[in-house]
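Can you make the complete structure from the sequences, with help from the hints?
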Amino acid sequence: MADKSKGLSKAKEIYRNRSVRAKELKAEGKKIIGYPCVYVPIEMLTALDLIPYRTYGDIREPVTEADRALPTSFCSIIRSCFDCALKARDDFLDGIVVAHSCDPQEKTARLWESYISYPYFHFMDIPGTVRPEAMDYFKGQLSDLKKTLEAFTGKELSSDRLKAAIQSHNIQRALVRELYELTKPEPPLISGTDILQVIKALMSLPVDEGNELLTQVISDVKDRTDGPERKPVRLILWSSTLDDVEIMQIFENGANMVMDESCGGIRAFRAKVKLTDDPLDGLAQYYLEEITCARTFRETVLGETRKDYLEDLESRFGYLKDFAQEWKVNGAIFLLVRYCDPFAFEVPSLNDYFDSIGIPSIYIEYDYAQGALAPLRTRVEAFLETIS
Amino acid sequence: MGSERIMAVEEKKKVINRLKSMYPLRAKVNETYQKSVEAMRAGKPTVWAMLNWYYGDPILKAMDLEVVYPENYGAILAATGYAQPYLEYADADGFPTHLCGYSRATLGYTSKMMRELKGEIPSEAPLGGMPKPIFLMSSSAVCDARYKWFQALGRYMDVPVWTLEAPMPGVKELFMEGSYERMVDLGVKHLREFVAFVERITGRKLDWDKLDETVDLMIEVNRLWHEINELRKARPCPMHSRDFWSAMPAALFLMGDLEHSLQCFRDMYEEVKERVKDRIGAIAEEKYRLVFAELPPWHSLRFFDRLAERGWNFVVESFGYRPPIPLDLSGVSDPLEKITRFSLQVFIGYYEDALEQNVPAGALAYPYLKYAREWRCDGALLHPLISCRSASTHLPYVANLIMERLKVPSLTIEGDIVDLRLFDPEDAMARAEPFEETMEYYRRVRKQEGFDW
Amino acid sequence: MLWFIGIDIGSVYSKGVITRDNEICASYVILSGTNYRTTAEKIRQELVTEANIAVDHITATVATGSGAGNVYFASQRVSDIVCTARGINNIFPLAKTVIDVAGQSTKVVRIDGEGMVANFTVSEKCAAGSGQFVELIANVLRIDLKNFGPLSLESENPVVFSTGCAVFGESEAVTRVAEGIPKEDIAAGVNKALADKITSLCKKVKLEEPCAICGGGALNIGLVEAIQHELKIQLLITLHPQTVTALGAAVTARASNLNS
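Chains as they are written, first to last, in the numbering used here: chain E, 7 to 394; chain Y, 569 to 1021; chain R, 29 to 288.
Check before you lean on any hint, since a few could be wrong.
As the list claims (entries may be wrong) - With beta-carbon atoms standing in for the labels, derived distance ranges: (1) Y/Glu-656 - R/Arg-48: 53 to 63 Å; (2) Y/Gly-1018 - E/Ala-94: 29 to 39 Å; (3) Y/Gly-771 - E/Lys-190: 46 to 56 Å; (4) R/Glu-207 - Y/Glu-877: 49 to 59 Å; (5) E/Glu-19 - Y/Asp-995: 45 to 55 Å.
The set of hints was computed from the structure by calculation and includes no laboratory data.
In this text, a Cβ means the ideal position worked out from N, Cα and C, and glycines have one as well.
What follows is the structure, encoded as structure tokens:
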């Protein structure tokens, strides 16, 4: 009889009650810094002994407070996230770092700063391309963040500390990738629903505790015999982010979600930060180039004067093909909330790409609200039927 | 007798006293299109560009390239009623319907042109349409859709895209040591790469002297344009927003011959100065002074005439279209650096004030606090557009800001950039009446609180 | 004796009020139908009949509402927002705010000491912010609109509608019915969702007490309770909340007449 407080059970417990550990740590005198987006270089927080805490919305919480500051035609995920912030859901936060990843993040940053007073607030700009001069600029942004963090904590963010933090976070990334290895078998040893909870739990814990949890989870999953049932369809999900089991369960009713390429799945863990002499170089390169978010403009060859559509698709989405093939996927879901612009523009191209690799796909739009999941259900059911 | 009657009728029609000097500037828009159409027919290479706030345009101009702005073309499609079929093409191709109406119209247009017509301009396209370009110049400033949309066009045309970098720092973050210099550094290096790219793809060499000239003219034209708008602080306001929107493209898009534009703006400056001296307003009786945000309903500008009849004078508007607050570039010799600093100034020109006033939204929102105060506005007319989030998201924030700090009320009237049914002028007029009472109420409140207007 | 008529042609209902020396003499509510001209005439006829006068005894008529242009016999057309303010000011002179829950939209209007509009806001073009949402769900639940309010008050466990959209809300309601959730819980949930949206509008315009409520939605006692609960205030409500705007039009007719 496994100790219930370890591994998967613990992860699920944390998922249900995310803020428990953060509040404990706060009571011990630690400072908790929130971040709404995986572009924020949390290694820098860890290095200064700050606890990174990802902020989320809540599909069960009707948006009421955000109305006075944001129109309804706006990304419903960020809207909910901001609404929860206004309702002081995470009032234990000592500060927040917002990044210029997409428009909703950039525009809400101003509101965050205006309507809620945190002891610490920092807005980090991110360039649109991955060109060398853009990378230089982004490195400058990281060094500005370093300065304000140092001013806030009164400590020096030394190179050594940062390198150590990068190591710890790289370990976490490797462990998450190891976890995803366990979805390769048929049936997968762990469900998408469970992984979602594990990852959300990781984003609520200090990195070392998260690594411990992950190690235990992996061990649990390898040892157990009561894993998920085999379903006729193996899916890959492509999305901005997915953070609620109720949504994931809609897919796993009739399929195994073996790969989740979103900020609720593998995106923040897919690659690792290179260890460079100046650690800021490695961080800049990782965050600008390795986060596969649609907001960054990528081309096959920088400044290409000759363009080829198919080459372009391959260079931008090739990593998805690798996932699909290695995980033996036979269906793809492109899931977006209404009003998500950067990802939405990619949909027809992504369709073309998945057609070219012979995997059926479907684009589904949803509203980030529990009450809006019914249409999602019917579309998913119909799609799964066409595949199996 | 008959001619008097005709004159009386004509006078009645011109509720807004338009500036004479506006007309030649407005004419440049059409002239530029005509010239483009001729150039296209002659096979001259065309570039499709996004509004880039003076950053890439001077280079294209100095290299004598034909430039077409699909954002503007989208407005034309909407106004002429030709947008719908192209929107349907975009839908059929799987582009989600919440996307920017201009982008969908362009994507649909391109889909038809390239896939159905094998590269021929659709015959029904108004104003000569848009030919297949040699490259696409987009910009990430203000809005994600603007560069993702050009990237998405790759589905229909193997045309290279260059995305101009547009940094957007936070207000207090801008003033960190070295931060601004790094933005300038990014801008200059980036432009150098862009020039190399354009030279490679066009086979032309940039004439740096010509660029110098172009940039200096661009700066002077916009300096004058800025001064003209400062004169509108006078009471009564001598120039209405409609004149701003008509003349603006010449300055913002560097349309036509810049020397000619310079002369036109000089004329406009003189005309406006005269009006200020003689206390001539843009409307007969200025009862209310309004600030407008953000994008005007291009297809329904007569709506403002109806408001003018009620005494509504629109005295300041559209942050996104305004010239930058002038800055001293006399010590800068590199034209690429001049361009960079000038372009950055559009957004960060207000940051110092915003920092002092403790308003984190230094671009897009803080400027309206300044406008409402300095142009002494009685109210704000806010026009959110359902498919243009970048032009709408800041509006609730602006409303709160100017109410809290200045006791200036706002009226919200919804619309869209391509679905023109969403703007209901009758419903809007029904809200104008109670808003007049609101503006009068807040005049009294401001008086009590010691404001001087 | 001076008689004034106010006619409010709305998209769903049309209302009329006749006043005699600033006292309400009669009021009338009818479905707007498709011919607003005839509807306006019918209203006028009903009012003069009730008041026992002939049409030419009416001193002046003011029309308001989206169909106001069809009231050809009106001497003035006045904005419905203005009329609502004047109407409430006539009934509750101390009221500083009024919430008007109409079929197609909800308005919140702040009123100054003289019954003039100090500030106002209108719900977005969205069914979820108006009485339409309630109608949609009443349909789904197959209950009469007039029973919706009382039924919702019986709920001890209201459904939480998480979506802000009426279309999704409708399908959410259907799902709940299929799950066997009691009707009163769904009705209460709808009222709460609408009350939340209305509360947002009130905050936008900085509601001041005393606050009144009017419009067709005010007949929904469950909604009124929900709003009171959210705002933590007591709302002033008249016996005939639907005709407040029409009354305001009649008041305006009188005021204009006295001025000229």
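Exercise for the section: Go ahead and decide if the range 29 to 39 Å is satisfied by the Cβ distance of Y/Gly-1018 to E/Ala-94. Expected result: Because 35 Å falls inside the window, the suggested range holds.
Problem - Distance restraint hint 46 to 56 Å, applied to the beta-carbon atoms of Y/Gly-771 and E/Lys-190 - result: At 51 Å between Cβs, range holds.
Practice task
Check the following: the C-beta atoms of Y/Glu-656 and R/Arg-48 are separated by a distance inside 53 to 63 Å.
Solution key: 58 Å, holds
Exercise for the section: Go ahead and decide if the range 45 to 55 Å is satisfied by the Cβ distance of E/Glu-19 to Y/Asp-995. Expected result: Between E/Glu-19 and Y/Asp-995, where Cβ atoms are some 53 Å apart, the hint holds.
Practice task
Given the range 49 to 59 Å, decide if the beta-carbon distance of R/Glu-207 to Y/Glu-877 lies inside it.
Solution key: Holds: the Cβ-Cβ distance is about 57 Å, inside 49 to 59 Å.
No hint from the list above goes unmet by this structure.
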